[in-house]
Amino acid sequence: AQKITQTQPGMFVQEKEAVTLDCTYDTSDPSYGLFWYKQPSSGEMIFLIYQGSYDQQNATEGRYSLNFQKARKSANLVISASQLGDSAMYFCAMRENTNAGKSTFGDGTTLTVKP
Amino acid sequence: NAGVTQTPKFRILKIGQSMTLQCTQDMNHNYMYWYRQDPGMGLKLIYYSVGAGITDKGEVPNGYNVSRSTTEDFPLRLELAAPSQTSVYFCASSISGLGEKLFFGSGTQLSVL
Numbered sequence: 001a002q003k004i005t006q007t008q009p010g011m012f013v014q015e016k017e018a019v020t021l022d023c024t025y026d027t028s029d030p031s032y033g034l035f036w037y038k039q040p041s042s043g044e045m046i047f048l049i050y051q052g053s054y055d056q057q058n059a060t061e062g063r064y065s066l067n068f069q070k071a072r073k074s075a076n077l078v079i080s081a082s083q084l085g086d087s088a089m090y091f092c093a094m095r096e097n098t099n100a101g102k103s104t105f106g107d108g109t110t111l112t113v114k115p
Numbered sequence: 001n002a003g004v005t006q007t008p009k010f011r012i013l014k015i016g017q018s019m020t021l022q023c024t025q026d027m028n029h030n031y032m033y034w035y036r037q038d039p040g041m042g043l044k045l046i047y048y049s050v051g052a053g054i055t056d057k058g059e060v061p062n063g064y065n066v067s068r069s070t071t072e073d074f075p076l077r078l079e080l081a082a083p084s085q086t087s088v089y090f091c092a093s094s095i096s097g098l099g100e101k102l103f104f105g106s107g108t109q110l111s112v113l
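Top to bottom, those sequences are chains Z and P. So the first sequence is numbered by the numbering used here: it starts at 1 and just counts up by one. So the second sequence is numbered by the numbering used here: it starts at 1 and just counts up by one.
In case anyone wonders, no lab produced these hints; they're calculated from the structure. For each residue, glycine too, the CB sits at the ideal point set by N, CA and C. Incorrect hints may appear among the rest.
To be verified - No farther apart than 27 Å at their CA atoms in a straight line, the calculated lysine-lysine pairs in the DSSO-like style are these:
id, chain 1, residue 1, chain 2, residue 2
1, P, 44, Z, 73
2, Z, 3, P, 101
3, P, 44, P, 14
4, P, 101, Z, 102
5, P, 57, P, 9
6, Z, 70, P, 101
7, P, 44, Z, 3
8, P, 14, Z, 3
9, Z, 73, P, 9
10, P, 9, Z, 102
Said to hold, decoys possible - Heads up, incomplete: computed chain P residues facing chain Z, CB under 10 Å, no partners named:
id, residue
11, 26
12, 33
13, 40
14, 43
15, 45
16, 60
17, 100
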């Protein structure tokens with residue numbers, strides 16, 4: 001079974017607007033971590049934000065925030081005030097306590113920011 | 001601080017050839033990983049290591065081998081290359097497990113023809 005599902009292969013957003021990238025996950029482990037990474041066209045992988053399963057508040061990092069809904073097993077990334085440089089592929093990933101050595105990635109969402 | 005260094009950046013192999021992808025990190029991280037990324041897809045875990053002398057299989061280990069003799073180095077060996085191994089390979093490391101982000105190398109673009 002797919003552990004990380006990103007249902008939006010591609011998304012478009014107007015510059016300066018906010019956008020939400022969806023991520024749902026599947027685990028029976030009560031202790032896990034959720035990550036978002038950005039991959040620009042240059043190919044490198046850039047860490048954006050982390051949410052622990054026991055964290056009470058949604059994580060925020062600058063213009064990035066994670067909308068964590070534990071009961072729904074969703075961890076959506078919200079990018080506020082989109083910039084042209086946000087155009088990239090975005091990956092959601094999970095690490096489970098029982099498999100702490102392994103990160104499982106979704107298939108990604110390609111975000112295009114329009115001027 | 002170099003972080004995670006992968007070599008080579010590009011390589012073309014003929015079917016049946018072998019090669020080693022090198023990965024080294026200078027952050028004293030215990031955990032190291034090898035992922036492959038096929039075009040338009042996410043990352044699939046090939047092998048990982050939680051410390052020197054300890055390695056384990058990921059989702060797609062067939063056709064690959066690894067070793068971890070030191071904390072710094074985690075080479076990936078491809079034996080008898082096949083076209084299905086055409087992919088971008090990423091090495092990554094982290095301090096430890098659950099809550100720690102991955103630090104990635106810049107990737108190796110491998111084509112098997």
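Hint numbers not upheld by this structure, sorted from lowest to highest: 8, 9, 11, 16
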